Structure formats: structure tokens, C-alpha cells
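Next come the chains, spelled out residue by residue.
2 protein chains.
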Amino acid sequence: MNPNYKKKALRFITAFLVLLSPLLVTSQTITSPDKNFSLQFELKENGRPYYSLTYKDKPVIKSSKLGIEVKDAPSFMDGFTISKSAQLTSDTSWEPVMGEEKTIRNHYNELEVTLAQSQNNNRIIKLRFRLFNDGLGFRYEFPKQADLNYFVIKEEHTEFNLAGNHKIFWIPGDYDTNEYAYTTSKIAEIPALQKKATIEINAQQPISKPSVQTPSMMKSDNGLYINIHEAALINYPAMQLEVDASSFKFKSHLVPDAVGNKGYMQTDTQTPWRTIVVSDKATDILASKLILNLNEPTKYKDVSWIKPVKYIGVWWEYFVAGKSTWAYGKENNVKLGQDFSKLTPNGKHGATNERVIHYIDFAAKNGFDAVLVEGWNVGWEDWIGNWKEEVFDFVTPYPDFDVAKLRDYAASKGVKIIMHHETSGSATNYERRLDRAFQFMKDNNYGAVKTGYVGQIIPRGEHHDGQWMVNHYINVAERAADYKIMVNSHEAVRPTGLHRTYPNWFAQESARGTEFEAMGGLNPDHTTILPFTRLMGGPMDFTPGIFQTDLTYYNTGGNQHVNTTLAKQLAYYVTMYSPLQMAADIPENYDRFPDAFQFIKDVAVDWDNTYVLEAEPGDYVTIARKAKGKNEWFVGSVTDENSRTANLKFDYLPKGKKYIATIYADGKDASWNGKQQSYVVSTMKVDSKTTLKQFMAPGGGFAISIKEVPAK
Amino acid sequence: MNPNYKKKALRFITAFLVLLSPLLVTSQTITSPDKNFSLQFELKENGRPYYSLTYKDKPVIKSSKLGIEVKDAPSFMDGFTISKSAQLTSDTSWEPVMGEEKTIRNHYNELEVTLAQSQNNNRIIKLRFRLFNDGLGFRYEFPKQADLNYFVIKEEHTEFNLAGNHKIFWIPGDYDTNEYAYTTSKIAEIPALQKKATIEINAQQPISKPSVQTPSMMKSDNGLYINIHEAALINYPAMQLEVDASSFKFKSHLVPDAVGNKGYMQTDTQTPWRTIVVSDKATDILASKLILNLNEPTKYKDVSWIKPVKYIGVWWEYFVAGKSTWAYGKENNVKLGQDFSKLTPNGKHGATNERVIHYIDFAAKNGFDAVLVEGWNVGWEDWIGNWKEEVFDFVTPYPDFDVAKLRDYAASKGVKIIMHHETSGSATNYERRLDRAFQFMKDNNYGAVKTGYVGQIIPRGEHHDGQWMVNHYINVAERAADYKIMVNSHEAVRPTGLHRTYPNWFAQESARGTEFEAMGGLNPDHTTILPFTRLMGGPMDFTPGIFQTDLTYYNTGGNQHVNTTLAKQLAYYVTMYSPLQMAADIPENYDRFPDAFQFIKDVAVDWDNTYVLEAEPGDYVTIARKAKGKNEWFVGSVTDENSRTANLKFDYLPKGKKYIATIYADGKDASWNGKQQSYVVSTMKVDSKTTLKQFMAPGGGFAISIKEVPAK
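Protein chains in written order, with the UniProt record's numbering: chain U, 1 to 712; chain S, 1 to 712.
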């Protein structure tokens with residue numbers, strides 16, 4: 001451990017500045033605190049900036065171009081000299097409001113390079129590189145200066161010139177959706193596989209060139225794990241990566257706006273951080289806090305109202321049961337303002353008073369914090385596919401959903417109802433109604449909202465991942481904070497660690513989640529990849545916990561099953577970090593498996609410590625975590641389509657103390673596409689020296705809860 | 001007078017239905033109540049709908065195509081049969097909240113034609129024609145039906161096939177601005193003049209084809225005055241007119257959205273009304289209430305808070321005095337959220353406490369209802385030209401504008417402050433802040449807001465006159481009504497009579513107004529054209545009343561004068577109808593001309609009756625009006641660049657009573673480009689038999705106030 005590091009010091013900076021003579025130097029090098037990484041910046045032909053990165057002397061990023069192309073003004077591509085350069089070491093730690101670790105260390109060496117364009121009135125930009133022990137973050141900065149106030153970005157030209165034809169876990173580039181299944185291939189195979197990988201998804205806008213989205217997870221032939229993403233995506237479009245499959249070179253591709261522009265910038269400003277997390281151990285990738293560290297601390301003065309949430313919801317039954325619907329009426333043409341009580345009821349509306357009370361009772365009985373209710377508000381009859389702006393008003397319930405009655409009933413049971421704001425992609429409509437919607441929530445005791453952006457975006461021509469929408473999601477989070485409301489966004493741009501800055505934006509979907517288990521099924525390796533990709537940016541509302549894995553059970557004509565074992569569903573509560581965790585199945589199914597359900601009731605959702613025990617992207621992930629403020633530990637392990645035996649240690653437990661571990665494991669005959677519900681619950685005593693070989697079925701997993709031996 | 005017409009009956013309908021056998025009839029004809037108009041509808045080749053219109057047997061619109069082109073679905077262009085047709089006579093009257101007449105008669109014969117497309121599942125549309133004694137209104141209607149819920153309009157193909165090469169008063173087609181100067185030419189000359197007519201204006205998007213905007217005013221060689229516009233523009237883009245200059249044919253051209261679509265439609269719905277006001281007397285055009293009659297009555301339950309407003313404002317000095325600015329700071333790069341009190345004051349900020357108090361005092365002393373204050377809120381330093389979204393927050397004052405202090409001071413003086421919400425074209429930013437902005441207004445005793453849309457629209461790619469913005473303006477009016485706030489919009493789409501439906505949206509700019517007198521000057525005939533064009537749609541906040549007509553007076557280096565006489569500025573208060581009237585000059589100038597200023601103090605802004613005494617577009621307009629609820633009359637008359645003598649009668653005065661008329665007239669040596677401030681105030685006794693020949697100087701006018709002789 002670095003001697004400068006002091007656990008108690010939340011803000012402790014050692015600054016070490018080196019000022020260089022301008023114009024004379026064309027290259028700069030820094031190393032990571034542990035010296036494993038080396039970052040070189042240099043100006044090459046015609047004053048064009050390049051960077052390269054090595055890890056333990058292995059090339060990670062070969063010399064790669066940097067640059068920003070500007071519209072209707074000179075670009076920041078070349079013609080640069082280094083006018084100043086400075087280095088700095090920072091070693092601090094901080095405490096997230098909620099998270100995988102109680103305390104996060106933020107230790108890096110920084111290189112700040114000021115580049116001047118003498119031919120453009122000495123206009124300057126800065127490049128800031130932060131080199132951590134887990135990788136690199138860098139960004140472009142545009143200081144306020146006489147000749148630079150406003151500019152429009154035509155494209156960012158950041159290259160990631162990879163050192164080889166790595167194995168890559170990828171989804172295709174798209175401006176509107178990140179809900180693709182992952183493809184595992186070599187980089188060179190991407191162009192040939194792109195079309196197949198671009199499966200049909202609602203409101204998609206694939207990039208025609210070979211491209212992938214971030215977080216992009218790779219493994220090199222020489223054993224390096226490399227993850228490329230971004231941090232602190234604010235007031236800028238999401239970065240996708242164009243793929244040059246012959247030279248293994250990625251290049252940034254920003255999501256355009258309605259008129260094809262890529263970013264409206266006002267100095268003093270900067271791009272998000274471009275992040276490259278690297279290790280020779282896959283577990284280090286999952287343990288990395290680099291992206292969080294590159295985000296700004298929250299400015300919220302009071303965060304006491306931001307709490308983890310374990311919840312159930314009127315939700316899964318819309319996907320599989322075939323017995324209930326979001327919509328109340330049979331009609332397919334409705335308008336806000338009409339009298340919805342005059343619709344012809346379709347007889348299958350899910351969010352009825354009766355059904356919600358049933359969920360509230362179940363939540364209260366089993367210790368859940370909240371009940372999500374979707375389909376409570378008018379407009380669902382024709383909510384999708386019409387690029388319609390005024391679909392929902394967010395304040396008018398269906399006639400069979402009594403807001404006041406359910407508010408009071410939930411309060412009497414100590415349960416919160418989670419509001420649902422599906423926007424149908426109409427962000428303009430949501431923004432104009434936001435204050436009224438949030439005031440309605442406060443008036444009715446709601447503390448959290450699930451937002452949704454299914455469909456083509458309005459403003460028409462904008463994209464889910466463009467600058468305007470990026471700002472929209474943040475605006476929603478900030479306005480929600482004004483009302484002390486937490487936000488769980490679905491179909492939003494993938495996270496980039498902004499839950500540090502906006503801790504009430506506490507979870508997102510932004511990937512292919514459990515709902516797809518009812519729409520064709522997730523690949524058995526999907527959740528061994530997600531922690532290396534989607535979850536690098538932040539918590540996912542993955543909505544695990546499906547016990548009735550065989551969906552033909554509902555006799556609704558489908559021939560479908562969830563592609564996991566039941567035990568694997570339990571493992572997700574640990575392997576898929578989120579301070580918001582759903583028990584997604586319907587209450588009736590949990591009542592049928594009370595022993596397995598005990599794990600969901602027990603498992604924590606906020607943590608003091610996290611131990612990534614084993615991991616290989618696409619194959620397996622095993623994680624142990626200590627519950628926040630409690631002497632309880634939980635372990636989750638998942639495997640892909642292959643059976644596996646995990647080799648577990650418990651050395652994270654305090655030494656010399658005995659604990660009782662309850663193990664929720666696959667049955668020997670279990671399988672993701674066979675006996676999914678075959679599971680075994682057992683207990684054993686463990687201590688810090690215990691080792692355990694634990695079987696997982698194909699597509700299976702296990703979960704363990706560890707508690708102190710009760711005092712006799 | 002039609003014997004069916006009863007003044008006291010606000011709702012009196014005579015319905016006369018004729019149902020025709022389907023499929024057999026291909027043509028229908030109706031006449032106006034006074035039989036002067038005849039409208040023929042017919043299906044021609046391939047079931048394509050056509051209409052034609054005559055007035056006193058003269059052709060107005062020769063047989064012209066109708067049709068709606070739909071995107072990605074069959075169009076409503078042809079293949080029609082008449083499946084039903086019905087006629088109806090309606091004769092009612094109604095009282096506007098504010099207006100030129102206390103009671104408005106709404107008398108028309110209607111033809112409703114239901115057209116079916118047998119090849120498209122018998123999809124139907126309706127065409128509804130209403131023929132008044134002052135012209136025609138017609139629209140397309142799309143009833144809810146099994147095969148028609150949502151559709152997207154690619155273009156509307158409504159033709160106006162004119163009968164000759166008329167003289168036309170026009171501004172060029174443009175998606176974003178209607179602030180052009182008028183060109184007077186023959187229709188055939190439009191293509192050659194279009195480029196010259198398209199003078200440079202902030203945020204313009206001219207249509208490349210030869211085109212004009214509506215209201216489009218024409219005069220035929222055979223003495224017909226023809227005005228084409230639209231009524232009730234709701235949830236639809238504005239209609240502009242493509243010009244076929246060789247055949248004198250106009251065709252509708254809708255303003256597109258960001259992706260090129262022209263209208264998102266959900267049945268049951270309709271287009272706005274296309275209006276053709278016709279007469280052989282120009283005065284009848286100005287007296288027409290056809291457009292208002294085609295708008296829906298207001299749904300507001302309480303309109304008691306909607307009042308006419310006569311106001312002054314911290315405004316004109318920004319344009320001419322060169323001594324004050326909207327902005328507080330010298331900086332040209334500011335962001336919401338920064339501390340604006342730390343800017344470097346530019347020393348010329350207009351909206352200071354001191355200056356506003358001066359205006360409030362002046363308003364109180366002279367009987368004005370309100371003081372507009374522009375430049376009160378942070379963000380003006382770089383508000384324009386950057387396509388910046390978050391320019392203003394509408395709630396943060398500059399450090400030298402004390403909201404609470406000025407609120408209390410104004411209240412103590414019985415004066416309201418008018419809020420100013422310049423959006424810089426960023427409608428998304430305004431909408432998301434609207435509730436907070438209006439709540440701030442209520443909290444601080446504001447009752448009216450002037451909105452502004454200078455600059456390129458955000459959502460980017462949308463236009464001022466497109467469907468999205470059309471809906472935005474209405475949304476603002478409706479949300480304002482929630483807070484009992486009146487709205488005066490600038491740079492919005494031109495009005496279409498919606499002040500009947502949304503009476504709190506009580507005035508608009510939407511044309512080249514007085515501000516241009518400080519930016520090159522208005523043409524001397526401009527205000528003899530505006531009543532026939534822009535004002536056909538609704539009240540204009542023209543901001544008249546400039547007394548210091550020579551702007552070199554301010555010694556700010558300009559060589560500029562207002563292109564009217566002082567007396568003409570007074571005439572505008574009568575000729576340019578609005579329930580919102582500004583005395584636009586700075587208080588100091590009114591103090592220098594107390595005799596002329598008396599007219600502005602006296603003149604009414606809401607009326608019982610209006611008498612259009614003389615009018616010829618481009619030449620002159622003389623109007624008399626009776627003040628609402630008072631035995632006071634006011635006359636205004638304006639001429640173009642030519643001197644003129646008006647021949648006035650006073651036969652609208654009650655018979656047998658004597659009145660005192662105060663006449664504010666041009667001096668004999670006055671001229672719009674010479675001795676503008678030469679005026680004569682005189683009085684004379686008048687009665688209903690009086691006649692008066694009243695001189696007007698070149699570019700001049702006069703105003704008369706008529707009061708009862710005080711009892712001795």
C-alpha cells in the first residue's frame with residue numbers, strides 16, 4: 001500500500017507540478033502510481049497529438065491519434081505545440097452514498113498538457129490524462145479564452161489503436177438502443193458479424209459502419225483484459241466506436257443530433273473522460289473504481305433521503321403471464337383529456353386496486369421496501385409506435401387505480417409505491433410535465449420513479465444517446481432531487497458513473513435485461529458478460545429473481561423458458577450490483593419456493609466491501625460482498641452454458657470467528673434448458689480459512705448468505 | 001339584415017340537412033347567406049376533389065385541387081367518391097372577451113362532404129366548407145375509423161387557383177420568420193422579386209421555391225379584394241403558399257419538422273381552416289370576423305382576469321438610445337448558475353431598480369396599467385446566435401433588479417410589471433422551466449408575460465412555424481392560463497384567430513413592428529398593409545407611440561428616423577387593433593409633448609364597435625371605434641408616402657347629441673422624412689351629421705378622440 005494513503009483522510013492530495021518550457025518538448029510520459037502503466041503523449045506530424053499506453057511493458061494502446069473536428073471553425077486536430085505541461089499526483093478517498101465499497105480510494109498520477117494552435121490566434125485546448133493503478137482516463141478540455149466561447153463538434157477523432165486481434169464482447173453501434181445481445185468474437189470478425197448482431201429492437205438506429213458500443217470488453221492473446229468506456233457523460237453525446245477490423249483500431253463516433261451535429265459546446269468545458277481499464281486479472285476489471293473516480297462528487301447538500309431499495313412490482317406478469325396488461329381499455333386510439341372511464345375495459349388490466357393491494361401485502365410480509373406499479377396511468381392503449389408526443393400525462397390514473405386509497409394503504413403497511421413514468425420516448429412531453437408529475441408524486445408519498453424511453457425520441461430526430469437526451473436524463477435526475485425522488489431509468493443512455501454525482505439516479509436498465517427472458521431468452525453467458533460491460537458504468541436494474549423459469553407454466557401458448565437455473569437467479573443479487581434490486585417474479589411464485597425466496601429476503605443491497613473472487617468474461621463471475629453496517633456476507637456465482645465448480649475461499653471473513661453459511665445451489669441435474677428449478681439449500685459453518693468447491697449446473701449459479709452464529 | 005339574426009341570441013342555429021344518395025353525385029354547390037358567394041365542390045378525374053368560388057358571379061378561385069399526401073400509407077388525394085353530403089345554416093352571435101366588437105355575428109351556410117376511398121378499405125375523410133357573407137372557410141377532417149388512427153402528413157395539396165394576375169401585398173415564404181417588409185407587385189412578378197424581398201433577418205429559413213406567406217392580400221383588376229389565410233392553427237404546421245406565377249395558382253406548403261415530416265395526426269382530427277375573405281370593398285376585408293368565427297369558443301371557465309392592457313416599458317431605449325442594454329455584464333460568455341453579480345457591469349444596463357421605478361412612477365401618473373421590463377434576468381450577455389439551449393432560467397434577476405422591492409413598489413402605485421420571457425428560440429428550455437417561471441410570476445404579482453423567440457429553434461431542426469412550435473405556443477398559453485397569466489408572444493407563428501379560444505394569448509408580434517423603425521425604418525405604406533395581412537389573424541403588439549421620431553436626437557452616431565409623422569404614431573392606437581397597446585417611447589419624450597401624449601392617455605384599448613371608414617391596402621386606412629362601455633369614440637387614419645385628405649363622416653355617433661372631437665393632425669409642413677414632429681391639436685364640436693375633410697401629410701395620419709360635451 002502506498003504510504004501516502006491514509007484511510008481516514010477523505011481529501012488528501014499530494015501535488016507535484018512540473019512546468020516545462022513551451023515549444024521545446026513534443027512528448028510527455030507518466031506512469032501509474034504502481035508503475036505498471038506507462039502513458040506517453042506526443043505531438044507528431046504537423047503537430048498532431050498522439051497517445052499510447054502500456055501495461056507491464058505490454059502495449060495496450062499503440063500510438064493513437066487525438067483530435068476534435070469542429071463545424072464552421074478551425075478544428076482541434078493538428079497544428080499544435082505544447083505550450084505547457086504539468087504533472088500531479090492525487091491520492092484521496094471518498095464515501096459513496098451507496099455502493100459496492102464503503103470507501104473508495106482515488107489514486108492517480110495526472111498529466112495535463114496545454115496545446116496551442118499558433119495559426120489560430122493561439123487558441124488552446126488541454127488534454128488531461130489520469131493514470132490509475134487500474135487504467136487510464138483522459139479527456140479534452142476547452143478553457144474559456146478570447147477566441148473560443150461557442151463551437152459545434154462535427155466529430156471527435158479519438159483513436160484506440162489496439163495491439164492485436166483481441167477477443168471482444170460487443171454489441172453493435174446504435175444511436176438509440178443498448179439492448180442487444182452480446183456477440184463474442186475476434187475484432188477482425190466484427191464486420192462480418194455486425195448484421196447478425198444487429199437484431200431487431202424497438203426504435204433502433206444502427207450505425208452502418210462496423211462499430212461497437214461501450215463499455216467494450218476485450219481480452220488479448222497475451223492475457224490482458226482491456227475495457228474501453230467513458231466516464232462523466234454530461235452535456236455531450238455518447239461515444240460509440242468505429243472498428244477498423246484489419247488494423248484493430250477503434251475510433252470515436254459520437255451520436256449526432258437532429259441536424260447531424262454532435263455537440264454544442266461552450267467554454268469553459270470538456271469532453272467526458274475516455275476510460276481504458278486494464279489488468280492481467282479479469283477480477284481487477286470488475287473491482288475497478290476508475291470510472292466512479294473520474295466522476296465529480298455530488299453537489300447535493302442532503303443525501304439522507306437516498307436509500308437502497310429492494311422491491312417487487314406489478315411488472316413481470318405483463319411479460320409472461322399473458323393475464324394482465326398495462327392498458328385498461330380495448331381501444332387503440334386514445335387521447336389525453338378524454339374520459340378513460342368510458343373506455344371498454346379489456347378485462348386484463350394489471351394495476352388494479354385489488355392487485356396492487358395484494359402486492360403491498362406481500363411486500364410488507366416479506367420485508368420489501370417498495371412495490372413498483374406499471375400501467376397505473378392513462379395512455380397505454382396506444383402508447384407505442386406512433387411517434388406521438390402526448391402519450392402520458394403522469395398524473396391521471398386509470399379508473400381502477402385509486403391513488404389516494406393505495407397511497408394510504410401502502411403507508412399503513414410501511415411500504416412505498418414506486419411511480420412509473422413511461423415516456424414512450426417523448427422526452428419533450430415529459431420535461432414540460434415534470435414539475436407537475438413530481439409534485440403529484442410528493443403529494444402521494446412516492447419516493448422513487450422508474451422512467452422509460454421506449455420508442456423513437458421526441459424531439460424528433462434526436463436519439464436516446466445524443467447530447468440532448470444525455471442532458472435530459474440528468475435534468476430529470478436533478479429535478480427529481482428537488483423533490484427528493486430517486487430515479488431508475490430504463491432505455492436511457494448507458495451509465496458512465498454519474499451515480500456518484502447524482503446519487504438519486506440510483507439505477508438504470510440500459511442493457512438487455514430480464515424482460516428478454518420472456519422475449520426469446522437471454523444467452524446463458526449474458527450475465528457473465530454484463531458485469532464486464534454494462535455494469536462498468538453503474539448499477540443495473542436487471543430485475544432478477546424469476547423462480548417460475550418455465551413460462552409454459554402460464555398456459556398462454558408460449559414455448560419459452562428463462563435461460564437460467566433458479567439458483568442462478570439468486571446469484572444475480574450479488575453478481576449484478578445495484579442499490580435497487582427487484583424480486584421480479586409474481587408473489588404467487590415466491591410463495592411456492594419459500595426456502596429459495598429466503599435468500600432474496602435476506603440479501604443486502606448496499607455494501608461495505610466487495611471481493612471479486614473469480615471472473616472470466618463470457619464464462620463465470622463469483623463475487624462476495626459484506627452488507628453495509630452488518631456482519632453479513634453474501635456470495636453470488638454464475639456460469640455460462642457450461643457446468644463449473646467454483647473454488648471458494650472465505651478469507652475475507654474476520655479471522656477467528658465462526659459463521660453459518662446458507663448455500664443456495666443448483667441441483668446436480670439442473671440446467672438452464674432443462675431442470676431449471678432443481679436446487680438445493682444447505683448450511684455449513686465457515687470461517688476465514690474455509691475452502692469450498694461448489695458445483696454449478698450448465699447455465700447455473702449459486703448464492704450464499706453468511707451470518708454470524710447466533711449467540712446461545 | 002337577415003331576419004333570422006337576433007342580437008340577443010348568443011346561440012341560435014337553424015339547421016337544414018340534405019342527405020344525398022351516395023355515389024351518384026359528384027358535385028355540390030352552396031351559396032352564402034346573402035347569395036353573393038357561390039362555392040362548388042366536385043370530384044373530377046380519378047375521383048380527385050376540386051372546389052371553386054365566385055363572388056357576385058366573378059370568379060375568385062377557379063376550379064382548384066384539394067388533397068393530403070400521407071407518408072408511408074395511402075394518401076388522401078384521389079380515388080374518392082362522395083359517400084354523404086350535408087348542408088346546414090348557422091346564425092349565432094357571441095361576445096369576445098376583448099375585441100373590436102362587443103358582439104360578433106357568426107352566420108354561414110355549410111357544406112359537409114364525406115369522401116370515401118373504396119380502394120383503401122373505404123377510408124373516409126370529410127371536407128367542411130363554411131360560406132359566410134364575407135368569404136369562405138374550409139378544412140379537411142379525419143374521423144376516427146377502423147383503418148385510420150395515426151398518420152403522418154407529407155404535404156397538403158390545397159390549391160388556390162386565382163382568376164388573374166392580381167396585385168398582391170406579400171412577404172416571402174419562410175419557415176422561421178414573418179418579419180419581412182411587404183412587397184407590392186403583380187403575382188407574375190413574385191419570382192423575380194423573391195430574392196430582393198428576402199432581406200436578411202435573424203434565424204430565417206426562406207423557402208427556395210417562389211412562395212408567399214399568409215395572410216396574403218390581393219386586389220384583382222376587376223375590383224375584388226381577396227385575402228387568403230387560415231383559422232384555428234392547432235396541432236398542425238403553418239401553411240405557406242407556393243406560387244405558380246404563370247398560371248396565378250397558389251398551393252399549400254406546410255412547414256416541415258426536424259426530419260422533414262409535416263404533421264403527426266391522430267384521428268379524430270382536422271386541418272386548420274383555409275380562409276378566403278373576399279369583397280369588392282376593401283373596408284369589408286378589415287371588418288371581416290370570418291377567421292374569428294372559425295375558431296372555437298374558449299374553454300376557460302373564468303375569463304374575468306383577462307383584461308386589456310395599456311403599457312409602457314423599458315424597451316425602446318434598448319433599440320435607439322444607445323444608452324442602455326438588456327445585458328448587465330461586459331462578458332460574452334456566461335452560464336446559468338454562475339454568480340452574475342461578479343460580472344463586470346457594462347454600466348449601461350437598462351432594467352435597474354432606479355430606471356424601473358422611474359417607469360412605474362410615470363405609468364402611475366399617466367394612467368398606464370403596466371410597465372414591461374426587458375433585460376431583468378440573467379443571461380443576456382450572450383443570448384443570441386449560439387443555438388444555446390440554457391440561455392435563460394426566467395427566475396434569476398440581475399443584481400441591480402430587486403424583484404421583491406419592485407413588486408412592492410409597483411403594487412403601491414397600482415401598476416403591474418409585465419414579465420419578459422425571451423427564450424432565444426430555445427423552446428425546450430422554456431417548457432421545462434415553465435411551471436417554475438409562472439409560479440415565480442404569481443409569487444411576484446406579475447399578470448402578463450411578453451414571450452420572445454429570437455433565434456434558431458431548439459428542438460434543433462424544428463421551425464418557428466412548424467407543428468411542434470405551433471403546439472408549444474398554445475401550451476404556453478394554456479399553462480399561463482393555469483396561473484391566470486396573459487401572454488404576448490413575439491417571433492411566434494402569425495395568429496389565426498386563436499385569441500378567441502385562448503383569450504389570455506391576447507396579442508402577438510409576428511410581423512415587422514416598430515422595432516424596425518430603429519433598424520432601417522418601416523416603409524411608409526407598411527401600416528396601410530398590416531391591417532390587411534398580419535392583423536387579419538389577430539391583435540398585434542405593434543408598439544406604436546414614438547414621439548422622438550428623429551433618432552439622431554440621441555447623439556449615438558446613427559442617421560436614422562422613424563418613417564412616420566408623430567400624428568401617424570397616434571393613429572396606430574386605433575388603426576392597429578390590439579387589447580394590448582404600448583406607448584413605446586421613453587417617458588422623457590412624452591413629457592416633452594404633453595398635448596399629443598394626451599391622446600395616448602385617453603385612447604381606449606377595448607371596443608364596443610368598430611367602423612372601417614376608408615381603406616385601400618398599401619394606401620390608407622381610416623377606422624373609428626367606440627370605447628367599450630363608454631360614450632367615447634376614437635378615430636385613426638394613416639396614409640402611405642402620399643399626402644391625403646380623408647373624408648370623414650361621424651354617422652356612427654348617436655343621433656341628436658353633440659360631442660367634442662379633439663383632432664391630432666399632421667402639421668401642413670409635416671412629412672415622414674421631414675418635419676415628422678409637426679402636428680396640430682385642435683378641437684371641434686361634432687355630431688352624427690358632421691363631415692370633415694382632414695389633411696394627412698406624406699407618411700402621416702391623424703387621430704381623433706370624441707367625448708360627450710361635459711354637462712354644465
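Think of the hints as simulated: they come from the structure by calculation, not from any bench. Since the model is a prediction, treat every value here as computed from it, not as a measurement. For every residue, glycine included, the Cβ atom is placed at its ideal position computed from N, Cα and C. Errors might be hidden in some of the hints.
[Unchecked claim] Derived DEER-like restraints, expressed as beta-carbon distance ranges: (1) U:Asp-408 to S:Asp-302: 30 to 36 Å; (2) S:Ala-364 to U:Asp-302: 30 to 36 Å; (3) S:Lys-195 to U:Asp-339: 50 to 56 Å; (4) S:Lys-655 to U:Gln-439: 55 to 61 Å; (5) S:Thr-344 to U:Asp-72: 37 to 43 Å; (6) U:Ala-404 to S:Asp-302: 25 to 31 Å; (7) U:Asn-120 to S:Glu-242: 39 to 45 Å; (8) U:Asp-408 to S:Asn-445: 36 to 42 Å; (9) S:Lys-301 to U:Gly-558: 47 to 53 Å; (10) S:Gly-337 to U:Ala-404: 36 to 42 Å; (11) S:Leu-193 to U:Gln-439: 36 to 42 Å.
Checklist entry - Checking against the hints above, which ones are violated? => result 2, 5 and 11
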